[in-house]
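Visitor: Quick note, the sequences are listed as chains Y and W, same order.
Residue numbers are given in my numbering: position 114 of the first sequence equals residue 114, and the series is strictly consecutive.
Residue numbers are given in my numbering: position 65 of the second sequence equals residue 65, and the series is strictly consecutive.
Because the hints were derived from the structure by calculation, they are not lab data.
Check each hint, because a few of them may be wrong.
One copy or two, either will do: identical chains are not told apart, so a pair holds if it fits within one copy or between any two.
Calculated pairs, EDC-like style, for lysine to aspartate or glutamate (alpha carbon to alpha carbon, straight line, at most 16 Å) [to be verified]:
1. 58 - 72
2. 58 - 42
3. 58 - 83
4. 32 - 166
5. 32 - 79
6. 39 - 92
7. 198 - 79
8. 39 - 61
The model shown is predicted, which means the values in this text are computed figures rather than measured ones.
Letter by letter, the chains look like this.
2 protein chains.
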Amino acid sequence: MRAGSTMAGPEIERMIQLLSRLPGLGYRSARKAALALLKRREELLVPLAQALNDAASKLVECSVCGTIDTVDPCSICQDPRRDRSMIVVVEDVADLWALERAGVTNAVYHVLGGHISPLDGIGPERLNIGRLIERASHPEVKEVLLALNATVEGQSTAHYLTEQLEGTSVSVSRLAQGVPVGGELDYLDEGTLAAAIKARQRV
Amino acid sequence: MRAGSTMAGPEIERMIQLLSRLPGLGYRSARKAALALLKRREELLVPLAQALNDAASKLVECSVCGTIDTVDPCSICQDPRRDRSMIVVVEDVADLWALERAGVTNAVYHVLGGHISPLDGIGPERLNIGRLIERASHPEVKEVLLALNATVEGQSTAHYLTEQLEGTSVSVSRLAQGVPVGGELDYLDEGTLAAAIKARQRV
């Protein structure tokens, strides 16, 4: 019989195949995960199946900012206490979650759905950019903060967005680069140190 | 707001909590996995929910040997071409799968559901042992091969089983010491498994 099959019929094999497509799980760890699910049927398998069903049926992409929520527009876009004069642009929903967990901004968001990456065949047209330009053209919007990853792809995406936003009247900003809070100089890469020196602030 | 929450409502939070209980996934990687599921709703989220539902509704524990299958008795126990004179005892379903993938035995199996581990509060009564003694007492059974992990727990479980099987007329064997000490069956190549079965030794 072929390598990798499980002997327990197509149900388990299919479950393993799908689990192995999750980030962080290879085929072998997906098999372990499947087995853990089967051994803990009532406490884990059934509730997880239910949770995935719930997610599939209830969660929608916000037609304004592109995040995921149970309502559209999402609870952030609907929140009257949010400051609509600033739009914080992030690559991914996970980045939005990170900023919300930190509780560091009261602005609204815009989720691009990734970054420009010619090597992976991801051009600007694959990202949620048109809607951003539209939103940024609204008179109530004063600032667009590009909170993209400090990676090559993140920064070239930021560069592209800056160009696209030139036609609007918003001011475009990006996150400060420098030494992370609690960071030790000895452990930082040269790029970070160079950026921190270049952007040094008077005390 | 509290650390670890996702801003996207209880549906996603519950999905992450459940995913983080799978072996190999911590909270952070479970969040990444959940996000991957949400981003690939039709290709991944919906099919995985369906696969888990299928597994939960179709898979049963074999009342003879304790493995997991869609039928009871399982397809191995029902297979008329199987050699019922030998019972291969394994700790876990994954070990049975490993032996079947290797295709190194035509015998029937018995899944203990773990090993004796006093430190974890797992005594013999928690394992599927009574049914093994019953099966081994059947006149058609000539040999019981203890294919347990070459770990301390596996070997002390083997020792316990050997004592319990003394009252029956079966000959008890164990895998040859070709299995590396500390090794787990699920991680071994087919050649090693085949050699270990061929060189099995009387206890």
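Visitor: So, for every hint listed, does it hold in this structure?
Guide: Results for each hint:
In this assembly of identical chains, residue 58 and residue 72 lie within 16 Å of each other by CA distance solely inside one copy; the values are 11 Å within and 36 Å between copies. Within a single copy, residue 58 and residue 42 get their C-alpha atoms only as close as 23 Å, which misses the 16 Å cut-off; across copies the closest is 14 Å, which meets it. When the C-alpha separation of residue 58 and residue 83 is checked against a cutoff of 16 Å, the pair qualifies neither within a copy, at 27 Å, nor between copies, at 51 Å. Neither within a single protomer nor between protomers do residue 32 and residue 166 lie at most 16 Å apart by alpha-carbon distance, with minima of 52 Å and 34 Å respectively.
Taking CA atoms no more than 16 Å apart as the test, residue 32 paired with residue 79 passes in neither setting, with 42 Å inside one copy and 26 Å between copies. Within a single copy, residue 39 and residue 92 get their C-alpha atoms only as close as 34 Å, which misses the 16 Å cut-off; across copies the closest is 10 Å, which meets it. In this assembly of identical chains, the alpha carbons of residue 198 and residue 79 never lie at most 16 Å apart, being 23 Å within a copy and 70 Å across copies at closest. Proximity of residue 39 and residue 61 under a CA criterion of 16 Å is satisfied inter-copy only: 10 Å between copies versus 34 Å inside one chain copy.
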